[in-house]
Structures are given as structure tokens and as C-alpha cells.
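**Q** Sequence:
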Amino acid sequence: MYLYSTSNKTKLKKSLIIAVLQNKPKIFLYHLLVNNIETTFPNKLNFYRFFTSMLKCAYKTSKGKLHLKIENPEWEDEGYKHYSFYDNYHKYSRIDVKIKESNGKLYFDMLPF
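Here the sequence shown is numbered in this note's numbering, starting from -14 and rising by one per residue.
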């Protein structure tokens, strides 16, 4: 595993985006296991399992290709940016990953809906 740095932070976010847009979650796993990456789940593998199941559901319920919108909702008070992936049909995102940078770490969380 490699340590977190600015360039690694960019690679990690890109790997997340590619994993979702191409429906290839394994691309993201390697980057998720980096030191200084935390999740709100009991461990990173539980987060990854949930991520893959949500990705599978997102592709089953989507109409057309997914696209990314990085959002900062008004109700968000914990400092997370929302990486929301939408299709061209539904009003709400098909998958939503929350990312926060704090104290030299990246924190990941996911919404279940």
C-alpha cells in the first residue's frame, strides 16, 4: 500500500469515478486500501462490498449512461462533497459517494438510497 499524497488523492478520486462510470468496482479497491483512507463503515472491505452492491443496483435501475455531478448540498454539515452519479431519466442520483478531506486523510461514506 502507498501513502496518501495530493497526487494519490487525485488518483483515488479518478479511480472511483472510472469504477462507477465503467461499472468496474475492482479499479477502486486497490486505491481504497491506501493508508490514510478511512470509511464510516467498520472496515474498508465492508465499505467496498456495500459500494459494489450499490453499483450493481444502480446499473440495474439506470436508463442510459451515468454521469457525475460533484455536489455540496445545503443540508451537508460534516464537510463532505457528494459524488453523485445520475442517469438521464431519474431525478435522484443512482449512486452517491460522500468524500471529505480532513487532517491529511480522506473519509468515505455512502448513502443507502
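FYI, nobody ran anything at the bench for these hints, they're computed from the structure. Worth double-checking, as some hints may not be accurate.
[Stated by the list, open to error] FRET-style restraints, in silico, Cβ to Cβ:
no.: 1; residue 1: Pro27; residue 2: Ser87; range: 15 to 21 Å
no.: 2; residue 1: Pro27; residue 2: Tyr74; range: 31 to 37 Å
no.: 3; residue 1: Asn21; residue 2: Thr46; range: 17 to 23 Å
no.: 4; residue 1: Pro58; residue 2: Lys11; range: 25 to 31 Å
In this text, a Cβ means the ideal position worked out from N, Cα and C, and glycines have one as well.
**Q** Look at each hint and say if it fits the structure.
**A** Right, here's what the structure says about each hint:
{"no.": "1", "hint": "Pro27 x Ser87: 15 to 21 Å", "in the structure": "20 Å, holds"}
{"no.": "2", "hint": "Pro27 x Tyr74: 31 to 37 Å", "in the structure": "34 Å, holds"}
{"no.": "3", "hint": "Asn21 x Thr46: 17 to 23 Å", "in the structure": "34 Å, violated"}
{"no.": "4", "hint": "Pro58 x Lys11: 25 to 31 Å", "in the structure": "29 Å, holds"}
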